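Novice: In the order they appear, the protein sequences are chains A and B.
In this text, residue positions in the first sequence follow the working numbering: the first is 5, and each later residue adds one.
In this text, residue positions in the second sequence follow the working numbering: the first is 61, and each later residue adds one.
No lab work stands behind these hints: they were computed from the structure.
With a Cα cut of at most 30 angstroms, we get these calculated BS3-like pairs of lysine-lysine:
| no. | chain 1 | residue 1 | chain 2 | residue 2 |
| --- | --- | --- | --- | --- |
| 1 | A | K106 | B | K522 |
| 2 | B | K440 | A | K102 |
| 3 | A | K27 | B | K522 |
| 4 | B | K499 | A | K27 |
| 5 | B | K522 | A | K108 |
| 6 | B | K170 | B | K519 |
| 7 | B | K440 | A | K32 |
| 8 | B | K364 | A | K154 |
| 9 | B | K428 | A | K162 |
| 10 | A | K27 | B | K519 |
| 11 | B | K499 | A | K108 |
| 12 | B | K428 | A | K154 |
| 13 | B | K499 | A | K102 |
Source: prediction; values computed, not measured.
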Amino acid sequence: MYLILLPILFPILAGLCLLVYRKEPERKLLTAFTGICLVITGALVVSALTLARQSLTLFYLTRTLPICFRIDEISVLFSLLTVIVFICAGLFAFVYMKHEQKEKRYYGFYLMVFGVLNALCFAGNLITFYLFFELLTLSSLPLVLHTGTKEAIMAGLKYLFYSLCGAYASLFGIYFLYHNCDTLTFTAGGVLQVSPASPEGRFLLLIAFVMILGFGVKAGMFPMHAWLPTAHPAAPAPASAALSAVIVKAGVLALIRVIYYIFGADFLRGSWVQTAWLTLALVTVFMGSMLAYREPVLKKRLAYSTVSQLSYILFGLAVMHPDAFTGGLLHVLAHGFIKGSLFLIAGAIIYTTGKTKVHELRGIGKEMPLTMWCYTIVSLGLIGIPPTGGFVSKWYLAIGGLAGDIGIFRYIGPIVLLISALLTAGYLLPLTIQGFFPGADYDYNTLQKREPARLMTIPILFMTILSVIVGLFPNIITDYLTEFVSTLL
Amino acid sequence: MDFVCNFPFFSILISLFSGTICSVLPEKAAKAVNRIVIAAVGVMSGILLLYLLGTGESFVYWMGHFPAPWGNEIRAGILEAGMALFFCIIMYLSMAGGAHKLFDEVEESKHNLYYILINLLLSSLLALVYTNDMFTAYVFVEINTISACGLIMIRQVGRTIEAAVRYMIMSLLGSGLFLFGLCIMYDLTGHLLMSNIKESVALLIQSGEYQIPLIVSVALMCIGLCIKSALFPFHAWLPDAYGYSTVSSAAILSSLVSKGYIFLLIKIIYRVIGFEIFNNTRIIDVLFVFGLLGMIFGSLSAIKENDIRRMIAYSSVAQIGYIYMGFGMGTQAGMVASVFHILSHAATKSLLFIAAIGLTEVSGGSRKFIDLTGAGYRNKWAGVAFTAGSLSMVGVPLFSGFISKLLFAQAAVQVEGKMLAALIVLGISTVLNAIYFMKTVIRIYATTGDTSYPCITFKDMKVHAIVLLFFIVLNIILGVSSQPIVNMIEQGLAMFA
Numbered sequence: 005m006y007l008i009l010l011p012i013l014f015p016i017l018a019g020l021c022l023l024v025y026r027k028e029p030e031r032k033l034l035t036a037f038t039g040i041c042l043v044i045t046g047a048l049v050v051s052a053l054t055l056a057r058q059s060l061t062l063f064y065l066t067r068t069l070p071i072c073f074r075i076d077e078i079s080v081l082f083s084l085l086t087v088i089v090f091i092c093a094g095l096f097a098f099v100y101m102k103h104e105q106k107e108k109r110y111y112g113f114y115l116m117v118f119g120v121l122n123a124l125c126f127a128g129n130l131i132t133f134y135l136f137f138e139l140l141t142l143s144s145l146p147l148v149l150h151t152g153t154k155e156a157i158m159a160g161l162k163y164l165f166y167s168l169c170g171a172y173a174s175l176f177g178i179y180f181l182y183h184n185c186d187t188l189t190f191t192a193g194g195v196l197q198v199s200p201a202s203p204e205g206r207f208l209l210l211i212a213f214v215m216i217l218g219f220g221v222k223a224g225m226f227p228m229h230a231w232l233p234t235a236h237p238a239a240p241a242p243a244s245a246a247l248s249a250v251i252v253k254a255g256v257l258a259l260i261r262v263i264y265y266i267f268g269a270d271f272l273r274g275s276w277v278q279t280a281w282l283t284l285a286l287v288t289v290f291m292g293s294m295l296a297y298r299e300p301v302l303k304k305r306l307a308y309s310t311v312s313q314l315s316y317i318l319f320g321l322a323v324m325h326p327d328a329f330t331g332g333l334l335h336v337l338a339h340g341f342i343k344g345s346l347f348l349i350a351g352a353i354i355y356t357t358g359k360t361k362v363h364e365l366r367g368i369g370k371e372m373p374l375t376m377w378c379y380t381i382v383s384l385g386l387i388g389i390p391p392t393g394g395f396v397s398k399w400y401l402a403i404g405g406l407a408g409d410i411g412i413f414r415y416i417g418p419i420v421l422l423i424s425a426l427l428t429a430g431y432l433l434p435l436t437i438q439g440f441f442p443g444a445d446y447d448y449n450t451l452q453k454r455e456p457a458r459l460m461t462i463p464i465l466f467m468t469i470l471s472v473i474v475g476l477f478p479n480i481i482t483d484y485l486t487e488f489v490s491t492l493l
Numbered sequence: 061m062d063f064v065c066n067f068p069f070f071s072i073l074i075s076l077f078s079g080t081i082c083s084v085l086p087e088k089a090a091k092a093v094n095r096i097v098i099a100a101v102g103v104m105s106g107i108l109l110l111y112l113l114g115t116g117e118s119f120v121y122w123m124g125h126f127p128a129p130w131g132n133e134i135r136a137g138i139l140e141a142g143m144a145l146f147f148c149i150i151m152y153l154s155m156a157g158g159a160h161k162l163f164d165e166v167e168e169s170k171h172n173l174y175y176i177l178i179n180l181l182l183s184s185l186l187a188l189v190y191t192n193d194m195f196t197a198y199v200f201v202e203i204n205t206i207s208a209c210g211l212i213m214i215r216q217v218g219r220t221i222e223a224a225v226r227y228m229i230m231s232l233l234g235s236g237l238f239l240f241g242l243c244i245m246y247d248l249t250g251h252l253l254m255s256n257i258k259e260s261v262a263l264l265i266q267s268g269e270y271q272i273p274l275i276v277s278v279a280l281m282c283i284g285l286c287i288k289s290a291l292f293p294f295h296a297w298l299p300d301a302y303g304y305s306t307v308s309s310a311a312i313l314s315s316l317v318s319k320g321y322i323f324l325l326i327k328i329i330y331r332v333i334g335f336e337i338f339n340n341t342r343i344i345d346v347l348f349v350f351g352l353l354g355m356i357f358g359s360l361s362a363i364k365e366n367d368i369r370r371m372i373a374y375s376s377v378a379q380i381g382y383i384y385m386g387f388g389m390g391t392q393a394g395m396v397a398s399v400f401h402i403l404s405h406a407a408t409k410s411l412l413f414i415a416a417i418g419l420t421e422v423s424g425g426s427r428k429f430i431d432l433t434g435a436g437y438r439n440k441w442a443g444v445a446f447t448a449g450s451l452s453m454v455g456v457p458l459f460s461g462f463i464s465k466l467l468f469a470q471a472a473v474q475v476e477g478k479m480l481a482a483l484i485v486l487g488i489s490t491v492l493n494a495i496y497f498m499k500t501v502i503r504i505y506a507t508t509g510d511t512s513y514p515c516i517t518f519k520d521m522k523v524h525a526i527v528l529l530f531f532i533v534l535n536i537i538l539g540v541s542s543q544p545i546v547n548m549i550e551q552g553l554a555m556f557a
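Chain A with its partners taken away, still in its complex shape:
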């Protein structure tokens, strides 16, 4: 049973070793060590997943607050995503980080974040979850700060304060829940015994809203989304990929845990909280796309797109209908692979050309055809064109939205999603168009083959393929999800 601790402790300890080690080791040795650690952790996670549905109580923080771990379907989904993205972005970093300094520190914290994320996926109750949620902020902060420029430090501070404010808002809620619930163990369907109509229930609705706002910070939900477009571009590209594909998903995971495993969907269904949450999610979807559309810097554009896409997932959660929920979870996977690969592509472009703005990248498709093909495919996926991953998840989201018992949002929701999809096309495809069709006045003599190193293209290609697989064979996942989604809703 203690096997469940290995994927958490091993990377954290390995990361600590790297950080404590005094000399800057030789590059080959460092990358080899990190690579081996990443793969071992991946294997440990997979082997720990065989322990599903058993719980391990480590120790008691206070009399009634155990630190415990438990693996369920949600854990499986999120931890597999984490493993894939972290290994891919790690491989990519082995080349990319050549032009950054202090690689040892980067890999040290990278491994620690990996361990903390595994712990978040496996957390068995709200306190354990909160513990690692705080640690996630703290351990991922150095990744944002990595370049050490003034811009990065300001971005890091912004990230820190937004996250801490959010975490405290959630802690505020935990205090009340602790008072009102017998246990804070994650239980499908919720542990709250109070009726929402009673005076206590009305107060708890407010608490639920505060917690949604608090954990929503991590998921970049309006009105606390501003850290995301600042922090993502400041980090090195592989770290942005990890941030965008996995770390912000911790906010989604938190909301799933709090709403579906503590409050219970029935408690919130039809309340003002649900309405407010839906509104915020839809506002964010639209606003994120709009901001991305106007943004000239590629990495920032992708960050805004993350803001928008995450709220697709939050919309799916807020509808509280099985189909929408399934759609949200599918989008967690699809968006994870797509955005991970998009950020890696942006990193590859920066690494080989040094250009950051979209309009500077004319003809890039002729120079780096493989990378740009991947870009095009995953872009189509994010827009939601079949047969890629994004299509299926958005299909489920729209179906769920239409079928859900959410009043006027039944129509507004899918419409906003559609408009946003159009905007997504508007901000992602210009790069493809300019890249492959630079126009008649383009000087083909300056063109040079600049396909990045294989260690960079393979992770990109791999994640691209995965995103297509999610679209081609969604049944594998939906079959797995349907059964337990019915226990939640």
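Model the placement of chain B on the given structure of chain A, informed by the hints.
Specialist: Frame of chain A; chain B shown alone:
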């Protein structure tokens, strides 16, 4: 009566007399005596604590075998013994951690004086913890003030003399008010022993006589102790006193001296006035409000500060605010949280002071943030320790600060009228704490630092590093296995009644 019961008396006595002995010994011997005394008192308190946990009852010790109400009494329960043990641990670590700095900051001829003052301080703290007599408490409050003043002033820089004078004036005001309160109380009840006063106070409350003088007396004593423990808005003496004195002094002043007064206040609340009666007065509301204000304004001042030592000092104002907020809730849970926070803050704040000195050492002695850039790389141990202390202050789980906040919040949730105010201010304060502590942590780990300063490795600072390690471990122990300690506090408070 078992032999162990003599230990409180022995502790006070050996620390008092070893102070005198220190004055004639050569410096090295004085230092050894000082350390041995602190360690011995610590060991005795530990044994006493075990003994009390075994018997489960507190005992009263007659000084000179004169029975009450004439004789002087010492009283020991779990909380007293535990507190004495904890004070000794913190004091020993602070002395060891700041020892190397003493030579730079204090004149050679005054080193003996330093050890004398420390021993006197220890004896007065122990007396405040153990005594069952109000007037004895007052006497040792004064001894405490004088030795604390000496500890501030012994580093003779212009700023410290000013700080010491300020401290002196404010502290004397505080003890003066305390004395007034005590006089009125003596006048009303005719007793000085705590248990006797309590009986008389209960009678007075029942009969409804002399209500106003009684409240005035309680209020005066409270305000006196609040001034001395630097509750907002009486904190003006604090930043200079903690910011410019030698590092051991700063650590001891912030984590022990102010806590000694707070502990005395707890004793007064429980053993002199009675917990229920105290909670029915409006005084707790005042304490509550000032506590909340302190939590916010202390942190705001800390944010504005550009000097790392003064920043840590201002953060003490905020933390003292937490403790008084716990008093102000007027429930058992609030009190437990406050007592726990006394421990947690003492462990964290002395860690921060000792770690900060390690950081300033590798920055050319400057305490300005601009010079501290990258100091965490130059002195790795101090950097890690400062980070750990900061995380504890911010209230990250696994560190002691989180448990304090959790206990405060749990206590707040049970008090209808004060719940929202307490939780909201707790939130604001947490975020403010995070702003200045995390800002500092990021600053000391920034890569653009001045590289001309020397680096310090483990070899150059063995004792310092080990002390820091002990402090971190203490913090994590408080954070991870808090339940036994909370149980002990609850038992101890129950013994007070």
